Every structure is written in C-alpha cells, then in structure tokens.
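Student: Here is what each chain is made of, one letter per residue.
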Amino acid sequence: MSIHNKTIAQLSQGLKAGDFSSVELTQHYLDRINVSNLNAFITVTDELAMKQAQAADDKIAKGTGNILTGIPYAHKDIFCTNGVKTSAGSKMLDNFISPYDATVSHKLNQADLVMLGKANMDEFAMGSSNENSYFGDVKNPWNENKIPGGSSGGSAAAVAGRLAPFATGTDTGGSIRQPASLCGITGLKPTYGRVSRYGMIAYASSLDQAGPMTQTAQDAALVLNVMAGFDEKDSTSSERDVEDYTTSLNDSIKGLTIGLPKEFFSEGLDDEVASQVMAAVKELETMGATIKEVSLPNSAYAIPTYYIVAPCECSSNLSRLDGVRYGYRCDDPKDLEDLYLRSRSEGFGEEVKRRIMIGAYALSAGYYDAYYLKAQKTRHLISEDFKKAFKDVDVIMGPVSPTTAFDLGSVKDPVSMYLADIYTLSANLAGLPGMSIPAGFSQNLPVGLQLIGNYWSESKLLNIAHQFQQQTDWHTQTPEEKG
Amino acid sequence: MSLSEEQVGQIAYLARLSLSSDELQSNTKDLNSILSLAEQLAQIDTDNITPMAHPLHMTQRLREDKVTEEDQSESFQEIAPQTGKRHYLVPTVIE
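Protein sequences, first through last, are from chains H and X. The numbering of the first sequence is this note's numbering, which starts it at 1 and goes up by one. The numbering of the second sequence is this note's numbering, which starts it at 1 and goes up by one.
Hints listed in this document are in silico derivations from the structure and should not be mistaken for laboratory results. It should be emphasised that the depicted structure is a prediction, and the values quoted were computed from it without experimental measurement. Do not take every clue at face value.
Said to hold, decoys possible - Using 16 Å as the maximum straight-line C-alpha spacing, the simulated EDC-like pairs for lysine to aspartate or glutamate come out as follows:
(1) K85(H) - D65(X)
(2) K107(H) - D234(H)
(3) K233(H) - D65(X)
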C-alpha cells in the first residue's frame, strides 16, 4: 500500500515503529501537492511543515509524542494561523497574515500535528461547489471536470486526492458533509458549540461549526479528540466535558434504530444516489439495525430559512471588513465613504455581495419581521421536528446531496445552487451533529450516506460509521485506482 | 413583491457596496429570485412559536470583569493598510 493511502491510525503506528519519519512523510505529501492539478491549496507552508515535522520526529525519538505526533494535515483557510496568510478564499484577505492562532489551530499545534498548508474554499465559506474562491476552482479528484463540493472543497479534494491524511473543515449549511460526500471521504460536523469558533473567520455565527475530514471514522474520532472542547474565548462554546471519541468505535450496533425521513427520499433525489443510500442502510440492517420511517415535515423550509438566517448573520459579520484595520484597501480613496465602498466592492466576490445584500435587506426596518424573525421561528419548528423524531429513533439517515458531483461551471443560477443544499441545512439550523460517509458510486463518482444524530451524539455517529466501514470498502477506494 | 433596480442600489449602498449598472441588473434578478424563495416562509403557521436565536437555547455566559487580553496593538497594526502614531489612518473626515 502506498504510504499516502494509509489512514492516520496506520501512519501513527508507522511513525512510532520507525518505518518512516515525519520528515519523510511530510516531504512525500509536499511532493504530491507540488505535482497535483487539483488546486486544493491556497498556500503551501512547506518550510513551516518541515520544521514542525522535525520537531515531531525529535519527540517521537524521545518517546514523548502522542498518537497524532508528526501526522500532516491540510488546514482550511478559514482558521487563523499565526504568521501565515489566512484568506478565507477572498481577495479581501489576500494580504491578511494572521497575527494570532484560532483555538483549533492552537490545539492542532499542541498535538504536534504538521500543517502542510491552507486549503482552498469558497469565499468566506459561501458556496456549495468551491467555484466561489478568489483563488480559483478546486477540482474533484475523481473527475477533474467536476466540482469537489463546497465550501470545504479544497479540504475534501486534498484528502480524497491523498494530498493529506486529513483536513479540517467548517460546516455552516453542509460545507463539511457535502464535499465529503462528493469526494468520497468521511466528514463530521459536530454539535454546535463542541468545537471552538475562536479565530475561525465567521460566516453565520449561530450555524458555523468546525470538524474533521478524513478517510475513516476512526481517524475522524482521533482528530475530533483534539479539536473538541470548551473554550472561554468563544462565548457559544459548550462547557460539557469532551469524551474520548475512540472508546465506543467497536461497540455493536445491534438494536440500533435508524430513522429514514420520508421527505429526504422524495422528488429531486437522483435515482442512483437513492439506491446507493438505501443499499447502505440495508447493509446496516443486516448488521442488526432496525429501520423506521420518520417525518420531518418542515424540512423543505430549511432552504428559505437558511437563506435568510445565514445572509443576515453574514451581513453583520462581514461589516467588519471595511478596508480600515486589515485586509484589502482600494487605491487612492478620495474620502472615507469612497474607501468603504470601493474596498468592499473590489474586495468581495459576487456570491458574498449577494448574501450581504439579502441580509441587509432582510434585517432592515419594515422587513425584519417578515424575513428574519419569521425564519427564526421556522428554525424553531425545524428543530422541533428532530426532537420528535429522536423520541423514536437513535439516528437519522439519508442522502447528503441530491446528486453526485456536477460539472464545473454548469450551475450558474444561485437559487439552483441553493436548492442542492436541501438535505444538509436542517442539521445546522437545529445545531445537531451530522456526518457523511462513503456509501458507493454512481457513474464512477462517490455517493455519501448522511447520518444525523441527537445533540452530543458524536460518539454514536462515529461508532455507527466505524462499524459500517468494517463491513464495506467504499472508504478505501481511491481516485488513482479508479483512474 | 419584487425589488426594483433603484431599491437594490439603495440596499447595496446601505451595505456599503457599489454596483456597476450590469451588476445592478443581474443582482436585481438574483435578489428577486432569492426573495421569492423566501416568500415560502409565509405559508408556515408560526403563531405562538418563539424565534430560535441559538441552537442550544444557551444564554450568554458571564465572566469576572477583569482584563484578560494582552496588548497586541503593535502586531495588529503591522498588517493595517495605513497607520500613524498608533492610530489607523483613513482619508481626512474633518478638515
């Protein structure tokens, strides 16, 4: 097996046994990144990576390392990294060398991980195809004419293309799960508040949540162990204790009740995607799970609800980008207003401007009740639907995305793009944890199975995913072998 | 209800964005189609439903009132477009 096809768990053993060093491993990935066409990275931090790898090797030699010491990774360019450009995929922050570390960045550093670089993404995490990056489209490793999904498209492509053993991602409306699904990897969005948002450039603060993107559920558990935890610097961070997410991976799933929302298998879902998802559910049934139909009657309203709530929060969050303290400033502003107007108009891309305007309108006097307040109420109804469903079932399953990856450049209308987020948005609106795991292929493109759990059920989701991955080999298939 | 180009121009200005006439035209079309999507919300009965501002219904945590931030003004100002005498500089506001 090529070294880059190994999981974190396998690489960790290899490092400990001295089969290879972190320096060798890191160089191997940097070489692969160097010749890759995927455009998965905005910045490759090769010098820093080699330094971190050397330090990790020293620790391993002394026997003071931990399980993740010396493992390389791709870091989504939305996490602030001290001394390294943090662009959020935007021209607005193309010159932003972060003066501090996000809590997630700090935690990954403390765990002796090796950052290969900053992964490409849709501008300010707004997008479902990674076509909204100022730094160019990311290509899907399974077919370079296809989108990798978004907004964590660079992260997903890096892991699927074996340019990194794992990547960080963020998920506001599906941005971990959808690219994970379209690139055939494992992605986990934890419960809102589980991972600190401090230093993670804000898009929609009541929805944003960071998580791991990996080859396997076991790897996701290892990485979540490092990322999760209370942070006093994030006022929405949960004080709840962090479990060791690896301890229940091997539990049996006999007796598990899986809920299939009928609304997730109706009109608009591609037939082949539906049959792959159902085949995966059947597999779990043979492993001892019971299947039950549930209903999430308000889930269809997740799209209008999300596309009001998220733009409102973004219009507020992105008002800080005004060309005064950091980021892009236009040339020769003639007065302060000209500085604001031109810095923002030249610095932001189309989709970001569109969402800022929707938010500004929906929050404005006279429209607030009809849009923002109404959407907040609908959000409550969507969340209540889940509460009811979880009285009867342990986990909810369904598709992640209505189709497999579509052609780059093929969806030009924003609303058509939004509609494809139908299955992922409601977990964010409710704040629930969600996962995507590889569940098959349709015309040589990966199909993901979505798992949505109750609050704080990350261990359960990882357990189910791990058990599924013991019985299937979708997650071990690589684009290289397919090609 | 749909927005006119003039209204979209006004919304853009409120968000401190300026749009070219082409952008104004395309944004008017796009914003109207997004808002017609949002019109679906009107079909839902939300009487007596409280708005959900936080997914876990958490309230803001309080902490002791003491200074915890270090002074990092120098490193923060290093990346600013223009500074002088420890201030951020912008074009003259008051002559």
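Student: With reference to the structure, classify each hint as holding or not holding.
Tutor: Hints versus structure:
no.: 1; hint: K85(H) - D65(X); result: 33 Å, violated
no.: 2; hint: K107(H) - D234(H); result: 14 Å, holds
no.: 3; hint: K233(H) - D65(X); result: 14 Å, holds
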